[in-house]
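So the protein lines, in turn, are chains A and C.
Using numbering that gives the first Met the number 0, you'd call the opening residue of the first sequence number 0 and step up by one each time.
Using numbering that gives the first Met the number 0, you'd call the opening residue of the second sequence number 0 and step up by one each time.
Read the hints as simulated data drawn from the structure, not as lab findings.
All C-beta atoms in this analysis are idealised placements derived from N, C-alpha and C, irrespective of residue type, glycine included.
You may find that some hints are simply not true.
[What the hints assert, rightly or not] Simulated crosslink set (SDA-like; lysine to any residue; CA at most 20 Å straight-line):
#1 K129/A x N152/C
#2 K722/A x Q175/C
#3 K129/A x A126/C
#4 K128/A x A126/C
#5 K636/A x E265/C
#6 K636/A x E132/C
#7 K636/A x A135/C
#8 K247/C x A612/A
#9 K637/A x A291/C
#10 K247/C x I516/A
#11 K637/A x E265/C
#12 K637/A x A135/C
#13 K637/A x S153/C
#14 K637/A x K247/C
#15 K159/C x I609/A
#16 K637/A x R173/C
#17 K247/C x I91/A
#18 K159/C x A612/A
#19 K159/C x T579/A
#20 K637/A x E132/C
#21 K637/A x S163/C
#22 K159/C x D586/A
#23 K637/A x A126/C
#24 K128/A x L123/C
#25 K159/C x S227/A
#26 K722/A x A289/C
#27 K636/A x S153/C
#28 K247/C x Y71/A
#29 K159/C x N571/A
#30 K722/A x K247/C
#31 K636/A x L154/C
#32 K128/A x G67/C
#33 K722/A x K159/C
#34 K636/A x D127/C
#35 K570/A x A297/C
#36 K129/A x L154/C
[As the list claims (entries may be wrong)] Computed footprint of chain A on chain C; a stretch qualifies when at least three of its residues, placed anywhere within it, have a C-beta under 8 Å from a C-beta of chain A:
#37 43-49
#38 122-132
#39 140-154
#40 209-216
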Amino acid sequence: MFEERVAECLRLCEQAKSLHGVELHGVLAEIAGIIDGLKQQAPDPAGAILEVHARILSQLHEPIITMNIDGYIVGWTAGAQGLFGYSPDEAIGQHVLFLYASDPDQQGTEIPELFLDHGGSLIEARRRKKSGEEFWAAMSLSPIHDEDGGTIGLVAHLSELTERMSTEETLHLHASVIENSDQGILITDANEHIVSVNSAFTRITGYTAAEAIGQTPDLLRSGAHDTSFRTQVREAMRGAGPWQGEITGRRKTGETFPQSVSISVVRRANGDVTHAFSIFSDISVQRAAEERMQRLVNFDTGTGLPNRTLLTQLVDQAITAARRMDSHGALLAIELERFTSINDTLGQEVGDELLRQVGMRFRAALRDEDILSRVGGTEFVAALLNIQKREHSAIVAQKLLDSLAQPFSVAGHGLHIDASIGIAIYPEDGEDATMLIRFADSATKRIQKGGESGYLFYSPEMNQRAKEHLLLESELRKALVQQELLLYYQPKVSLRSGRIVGSEALIRWKHPSNGMISPAKFIPVAEETGLILDIGTWVLDQACRQVRQWLDQGLSVPPVAVNLSARQFDKNLPQRVLATLDQHRVDASQIKLEITESLLVKGPEVVIPIMNALVASGLALSLDDFGTGYSSLAYLKKFPISTLKIDRSFVIGVPGDDNDCAIARAIVTMGQQLRQEIVAEGVETVEQMVFLRNLGCDQLQGFLFSPPVAADDFARMIREGQKLSIG
Amino acid sequence: MFLNVLADRKLRPAALHLRINATDTALPVLLGNSEAFSGLSARIPCVLAESEWSGLPGETTEALQAAGCIVVADDLICTIDDLGDLPLTAKASYLAGSWYLRPPPKPGNAQHASRALALQLLQLVAADADTHEIEAIFRHDPSLSYHLLRLVNSLNRGGKRITSFAQAILILGRQQLRRWLNLVLFAAHKEDPRSQMLTARVSIRARSMELLAREAGLDRAHQESAFMTGMFSLLGVLFGMPLGEVLKPLNIGDDLSAALLSMEGELGNILAIVIAAENADASLAATHLARAGISDAAFIETRIAAIEWMLDVVAETAGDAHV
């Protein structure tokens, strides 16, 4: 067939040589026609057959999709456009999976096309429209065959199913709502016999369905109610009208319990009651709590806050717990300044209202688990029962002071009030509440003696620490704005070729008066205060800007690795990273992200999806300091990590220390199993280098080749093609 | 020295054919020291034809013999360039030649992936296996990985460029992967007579390129690209279509397409090494090896490691015939 047509073309060409004008045009058109036919046929006969099918079907108004055997759409009718919203241009060439709904439970594994194997051809399945709306589609499928009878494609005829839920399904739904309700449900028939109960009924009363069914609701009778009350309830069950109230019931164990009950009935069309149902919940816990509250006269009436008695009690409990858990807490004694003069001039009512408002502001500034108490006329105490670092109590004190900055509005007066806060820490300063309150008070007195407001620790050592900490923090904030931070780049070299194959961006702080400050000193402060988020953002931005600048200079730089803090690792991280890359027009392959094991405290179920999203965007992840923390091999397997770094603490010991050698060997073996690249950090000697290379490490980073250097120096090393001599 | 794969009469990889340059004096020393080569010759026969053997210096033949090489009669190795040249002479046990690089009998069908691997993948996905285990399967089959990349591109129009199989698997997601594999199973084809030998050649190419990239000091991302280059370089032959056309629906990187379509760049140079080795072209191989800064000894080690890997892959995919 093919050869015949070619021969025909050649014959026509021969003929054309002697022709002119219209005749020539005619022959040329004939040749073009034949070639066109061949074009459609020759390279992909299956495609040609499918195209014919699709072309015929495209005339139909029904939603019909033609696909090839790989599932790519080749035909899309106007009806399909009407149903899904995609035009033929948008749909043809796409894989049919793009129409699948995304809900994981509904569809499981099946791909309807498979049903052909089993002879069935009418299927219902979830599909998704362009608008995002998902729907049930009825689909009939038929295969398209070629001349040899092989399947080369499929035609799917779809229609939208609107009424999906059958009566049976509705019943099933209702039954499951009843069964899974966490309120107890009890249904009785017209003879007041129990016909149905749910699992919450069993949980609350102790009676199983088998034990309850057939009995009357007297099963739960406690004997606590008089006849008239019982008559009321019985009338409600006979249809006198909905009833709500509290009934004391009795559990199977004999224990009585208060329940909140509502009763309604179900009637036949003629009005006869067929069933009654009671929905109830066990309120014994709330009731007990209320009663306990009643007993406690431990609250300050003016502000509603706990008083000194309750405070002492709660703090003593917390101190006992803290001793067991080896944790810290703090007591903040807050003395309001100038309050007496307000009381004297504006009257006690204004003073009381002001105290109430101050209490509310303090409360709002604290965490839920902290205790705020009013212990005297103008004195509050805040107890921070669990703090990670003692210095954090200073941050809280400052927050409390700040909460007073806005004037209070009481009875038309704009009032301003100040406070002094003394801080005592447990267990360091003392181990019982009374003593701690006294120490905190004494610190408050010291402030007042100086005629100032503000806060002070009871212990002088803590004051010193808090001061340094705060100074560093405020200077670090300034450093971010005033561009005192800069990035150094430490080259990574290949242990095969000696060439520079990457770099790690490392932060430096050039303090205007104190010179270079080590990241070891300021990064922990940044981590504690949350400044690390701003710093992390700055580092990534700066690294991308630098890469862009190098590219613009025509310098071909290997990927730059940027460190990420655990604090930066939230679900928006991938988006933020990509936005930064886009902003500087830097490709994902030019930046690597280095993460540390400490990330794992967030839990693998949080961390792994974020890592996956980063890798799916084309970013490579590298695990820093592997082996120093608590990451297990099981996690390592789950992480989409392409590089493992051997921590400098193991590198120092090789090749002399047997333990370090064994660890390094284990890391390399593991990394190779998982096809990860191995980078050794902190390599300083030729002996270390030789050992690590023989072990199978891919790259090294360390003083042996180069310390971290400024951007310009790094660019120069790249330009000069500096290499590590591997020997 | 070059090692080319020979097929048996059932068209399966069966032996390695040693092609040796008689003037290569370093070889005897090299073989004598190579544990890897001894390991290889224990797994698969390493053969030389009598006529080739007789032209070699005594020192070399001794070393070869010590390393486990076998000498066979010339007419045991039969070179054919087209399956149409069958049937073979009764004596021929080994098939050399480029017969499996001819176009497939029915082009459309050759595009379908291996059923055995698709099944294996489905099991892994069902067991919620780690991404790298799934990735390992894709590394075994060019057709399967080609279709994966094509699908991800289709579903991810205008999205990021794909640079690794792991990335493609993560973009697709497990649920879509599972559905797609069911489709692959449905479409899986009958055996192509070329497939085992093609698989052997592709496996060696891909793994060699990855290892050579490593030897050349390229980083992990480039090693991955090198593997993909090797794997995709024979897609045109596999599908019976021009390679440029096959690659069109894949949004592959510039360095990959430069290497695949015009053998340019670092990856192109490494591809050239591998192809020169297949053609036993010593001087061309030497030129490209020098350009990549890879020593002869390192080159032979990567070849041996790649062949070992190929043997594993072939052993795993051999299940195909029974499905």
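Hint check results:
1. K129/A x N152/C: Given pair K129/A, N152/C holds - Cα atoms ~18 Å apart, limit 20 Å.
2. K722/A x Q175/C: violated (46 Å)
3. K129/A x A126/C: violated (32 Å)
4. K128/A x A126/C: violated (31 Å)
5. K636/A x E265/C: It is violated: about 31 Å lies between the C-alpha atoms, which goes past 20 Å.
6. K636/A x E132/C: Within the cut-off at roughly 9 Å; holds.
7. K636/A x A135/C: holds (13 Å)
8. K247/C x A612/A: Roughly 26 Å separates the two Cα atoms, so the pair is violated.
9. K637/A x A291/C: Cα-Cα ~35 Å, so violated.
10. K247/C x I516/A: violated (53 Å)
11. K637/A x E265/C: With a Cα-Cα distance of about 32 Å, the restraint between K637/A and E265/C is violated, given a limit of 20 Å.
12. K637/A x A135/C: Holds. K637/A to A135/C sits at ~14 Å (cutoff 20 Å).
13. K637/A x S153/C: violated (27 Å)
14. K637/A x K247/C: violated (33 Å)
15. K159/C x I609/A: holds (17 Å)
16. K637/A x R173/C: holds (14 Å)
17. K247/C x I91/A: holds (16 Å)
18. K159/C x A612/A: holds (12 Å)
19. K159/C x T579/A: At roughly 15 Å apart (the allowed maximum being 20 Å), T579/A and K159/C satisfy the hint.
20. K637/A x E132/C: Since the Cα atoms of K637/A and E132/C sit roughly 10 Å apart, the hinted pair holds (cutoff 20 Å).
21. K637/A x S163/C: With a Cα-Cα distance of about 17 Å, the restraint between K637/A and S163/C holds, given a limit of 20 Å.
22. K159/C x D586/A: Holds: K159/C and D586/A sit about 10 Å apart, inside 20 Å.
23. K637/A x A126/C: At roughly 14 Å apart (the allowed maximum being 20 Å), A126/C and K637/A satisfy the hint.
24. K128/A x L123/C: Roughly 31 Å between the alpha carbons, so the hint for K128/A and L123/C is violated.
25. K159/C x S227/A: violated (76 Å)
26. K722/A x A289/C: Status holds; Cα separation ~18 Å.
27. K636/A x S153/C: violated (29 Å)
28. K247/C x Y71/A: holds (15 Å)
29. K159/C x N571/A: holds (18 Å)
30. K722/A x K247/C: Violated, at about 38 Å.
31. K636/A x L154/C: violated (28 Å)
32. K128/A x G67/C: violated (64 Å)
33. K722/A x K159/C: The hint is violated at about 33 Å.
34. K636/A x D127/C: holds (13 Å)
35. K570/A x A297/C: Violated, because 45 Å separates the two Cα atoms, which is more than 20 Å.
36. K129/A x L154/C: holds (13 Å)
37. 43-49: n = 0 at 8 Å, threshold three: violated.
38. 122-132: Since 4 is at least three, the answer is holds.
39. 140-154: holds (count 4)
40. 209-216: holds (count 4)
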